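Visitor: Just need the whole structure built from these sequences, with the hints factored in.
Residue numbers (this note's numbering), protein chains in the order written: chain A, 1 to 258; chain B, 1 to 424.
It is worth saying that the hints were derived from the structure and are not from the lab. Some hints here could point you the wrong way.
Unchecked claim - Covered stretches of chain A (chain B as the covering partner; in silico rule of three or more C-beta atoms under 8 Å from a C-beta of chain B):
hint : region
1    : 56-63
2    : 82-95
3    : 101-110
4    : 115-125
Note that the coordinates shown come from a computational prediction; the quantities given were computed from them, not determined experimentally. The C-beta atom is built at its ideal place from N, Cα and C for all residues, glycine as well.
Spelled out, the chains give:
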Amino acid sequence: MNATTENKTDAVVRIHSLSKKYREAEEYSVNELSLAIPRGEIFGLLGPNGAGKTTLISMLCGLIRPTSGDFTINGWSYRSEGEKIRKNIGVVPQEYALYPSLTARENLLYFGSMYGMKGKDLEVKVDEHLDHLGLLKYAEKKIETYSGGMKRRINLIAGILHSPMVLFLDEPTVGVDIQSKNVIIDFLKAYNRQGATLIYTSHHLIEAQEFCTRVAILDRGQVLTEGTAQELISGVSQARSLEDVFLSMVGKELRDYA
Amino acid sequence: MHKLWASVKKESLLLLRDAGALIILFVMPLALIITVTLIQQGSFKTLSNAKIPVLLIDHDHGSVSKGIRENLEGSGSFDIVSEKEGRLLTEKEARNEVFSGRYPMAVIVPENLSEDLTRKVQVNVDKILKDVGIGEDSLATFGDVETKEIRLYFDPATQLAFKSAVKNSIDKMVSELEVQSVYSLFQEQLSDSVALLSQKSFLHFKEIMPVHGSHELIPNATQHNVPAWTLFAIFFIVIPLSINLVKEKGQGTLVRLRTLPMPYSVVIMGKTLTFLVICMIQFYLMVAVGVYLFPLLGLEPLQVGGKLPLMSLVALCSGFAAIGFGILLGTVSQTQEQSAPFGATSVVILAAIGGVWVPVFAMPVFMQFVSGLSPMNWGLNAFYDVILRNSGLGTIFPRLVLLLVFFVIMVGISILYDEKKRAV
Numbered sequence: 001m002n003a004t005t006e007n008k009t010d011a012v013v014r015i016h017s018l019s020k021k022y023r024e025a026e027e028y029s030v031n032e033l034s035l036a037i038p039r040g041e042i043f044g045l046l047g048p049n050g051a052g053k054t055t056l057i058s059m060l061c062g063l064i065r066p067t068s069g070d071f072t073i074n075g076w077s078y079r080s081e082g083e084k085i086r087k088n089i090g091v092v093p094q095e096y097a098l099y100p101s102l103t104a105r106e107n108l109l110y111f112g113s114m115y116g117m118k119g120k121d122l123e124v125k126v127d128e129h130l131d132h133l134g135l136l137k138y139a140e141k142k143i144e145t146y147s148g149g150m151k152r153r154i155n156l157i158a159g160i161l162h163s164p165m166v167l168f169l170d171e172p173t174v175g176v177d178i179q180s181k182n183v184i185i186d187f188l189k190a191y192n193r194q195g196a197t198l199i200y201t202s203h204h205l206i207e208a209q210e211f212c213t214r215v216a217i218l219d220r221g222q223v224l225t226e227g228t229a230q231e232l233i234s235g236v237s238q239a240r241s242l243e244d245v246f247l248s249m250v251g252k253e254l255r256d257y258a
Numbered sequence: 001m002h003k004l005w006a007s008v009k010k011e012s013l014l015l016l017r018d019a020g021a022l023i024i025l026f027v028m029p030l031a032l033i034i035t036v037t038l039i040q041q042g043s044f045k046t047l048s049n050a051k052i053p054v055l056l057i058d059h060d061h062g063s064v065s066k067g068i069r070e071n072l073e074g075s076g077s078f079d080i081v082s083e084k085e086g087r088l089l090t091e092k093e094a095r096n097e098v099f100s101g102r103y104p105m106a107v108i109v110p111e112n113l114s115e116d117l118t119r120k121v122q123v124n125v126d127k128i129l130k131d132v133g134i135g136e137d138s139l140a141t142f143g144d145v146e147t148k149e150i151r152l153y154f155d156p157a158t159q160l161a162f163k164s165a166v167k168n169s170i171d172k173m174v175s176e177l178e179v180q181s182v183y184s185l186f187q188e189q190l191s192d193s194v195a196l197l198s199q200k201s202f203l204h205f206k207e208i209m210p211v212h213g214s215h216e217l218i219p220n221a222t223q224h225n226v227p228a229w230t231l232f233a234i235f236f237i238v239i240p241l242s243i244n245l246v247k248e249k250g251q252g253t254l255v256r257l258r259t260l261p262m263p264y265s266v267v268i269m270g271k272t273l274t275f276l277v278i279c280m281i282q283f284y285l286m287v288a289v290g291v292y293l294f295p296l297l298g299l300e301p302l303q304v305g306g307k308l309p310l311m312s313l314v315a316l317c318s319g320f321a322a323i324g325f326g327i328l329l330g331t332v333s334q335t336q337e338q339s340a341p342f343g344a345t346s347v348v349i350l351a352a353i354g355g356v357w358v359p360v361f362a363m364p365v366f367m368q369f370v371s372g373l374s375p376m377n378w379g380l381n382a383f384y385d386v387i388l389r390n391s392g393l394g395t396i397f398p399r400l401v402l403l404l405v406f407f408v409i410m411v412g413i414s415i416l417y418d419e420k421k422r423a424v
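Guide: This is the structure we're talking about:
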């Protein structure tokens, strides 16, 4: 087990002493966090509510600016090469982040265009992904008519149309039926096998244990531990699952915050 | 360019599928302009065709009260009423009728007005004639004659403009009657020695209209209403535009947009171009209604002449200003409950201080200054410059620049605000 793997070789994401304190907050949401995420991994960021997962991902995606510290993605600094980073990352937010009154195809063509894709290439890519996720026959239906699981799948396609080298997934399977969840997980694993790095947050520890090749447990804005699920389980006495490791590290008390 | 075009296409699809927004953007302004112009036109017709009932209480029964009655009746605007249930009304009854709102006004002619006026004029004429050596020594002197007053009662709900117009008319009428009396008495006294005096007014006024080519530009309700309400409609784009931006926050699409490899300005320009097209469609629809539909409804047609290009330019710049305001409102608002009421109210306020309802010159001095800060005032004046004052591009250019600068400032603030939000 290794609390910080900042110096791991061939890390696609390198985070160094990254901190974020919201203007009206009393405490740091992310506090001097350092982490290296190896290329080609499915990397799970796990933690209780308020641990700093979403804040960390928001900084890595360029949605909010860090208070201090630094990070690079594929060696590009967010300070000077933000455009390169944005071109090579994909984001699948927890919200559906789709236009309800547009069809699935219209949504995907729009977001693909925003990544500089166009013409036949874009159309082929859209059809391929829709087909892989079982949505091709619903492509001309408006998103507002879709079920939650269908929306999640379109939300996923919108994030990977441009084949990003790093894909950020914020609770990509929350609130979906088991069939949709399996399709999503299988699709993501296949995408990972093509060489992409997936950075994933979830509260589903069983899902994370099965899905992720490495995980980090965060709390109070810092990395408590990081490694493969098996490494983490074997490092905690009497732990049989990632959930046992998680509870032993962050405790059982409620973590409500507002 | 490809991204911008994709943004425009997306915004157009979103708008086309939003029935509420389409109604706000196209149906409401057309309904507004037709309704307002019909009402205004109807008011003018009421004044000229259907007469306003006026109570006239005549305590004088002389030539002056007769003259007042004839003048009021002769104006064609008033229907004179002096009796109720077969008997003459008293001043008290007339006052009650007016103050209770059953009649808009009453005119009370005092006792002996004609006689006292004659006496007063007689004294003055005699004095003048005596001073110039024409008058006779034996002329009687009547001493000072008391000033008389014609009392007017108005329904308290009567608009000030109507009261003012009626008071001015009666004042003018009484002055003319007084002058006529003077002339008549002089004529009577001097009939043997001078030719008949002309009692016709020497001074008249004539309103000179601006000329476009060989045609006079005669203002009418349509020429005022179409530009004013077109501008109002253009600024109402603030509501659907700000809601569009707020929805993107709620749907989470803004989060995705911010992670895309493009500046936020591309998103803003996509919205600007789309809504600018909407503004211009609104404008041409309003003009078409003014030119083609109004005559069919019995209203004055909008006279466009060769001014459509300049009018289009004003509409375009006004559209930019409205869109800038909408973008700022949508950027700073967090919910539709914030943006929609604020947008609607602020457009009404901008219209009010811009002079859409009350002319700027009729406002208090401070409000006239405030009016100069309203983009709707710049747009309205530019429209009036073109349509009513026959001005060219040189005259309206400063106003157009102000509208465009307003757009740039609004969008600039929006982008800065967005940047600041990322650094929370």
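Visitor: A separate judgement is required for each hint: does it hold in the structure or not?
Guide: Consistency of the hints with the structure:
Under the rule that three or more residues need a Cβ within less than 8 Å of chain B, the assignment of the region 56-63 of chain A holds, with 3 such residues. For the region 82-95 of chain A, the assignment as covered by chain B holds, since 8 residues bring a beta-carbon within under 8 Å of that chain's beta-carbons and 3 suffice. For the region 101-110 of chain A, the stated coverage by chain B is satisfied: 5 residues place a CB nearer than 8 Å to a CB of that chain, which reaches the threshold of 3. With a threshold of 8 Å between beta carbons, the proposed coverage of the region 115-125 of chain A by chain B holds, since 3 of its residues qualify and at least three are required.
Checked against the numbered hints above, the structure violates none of them.
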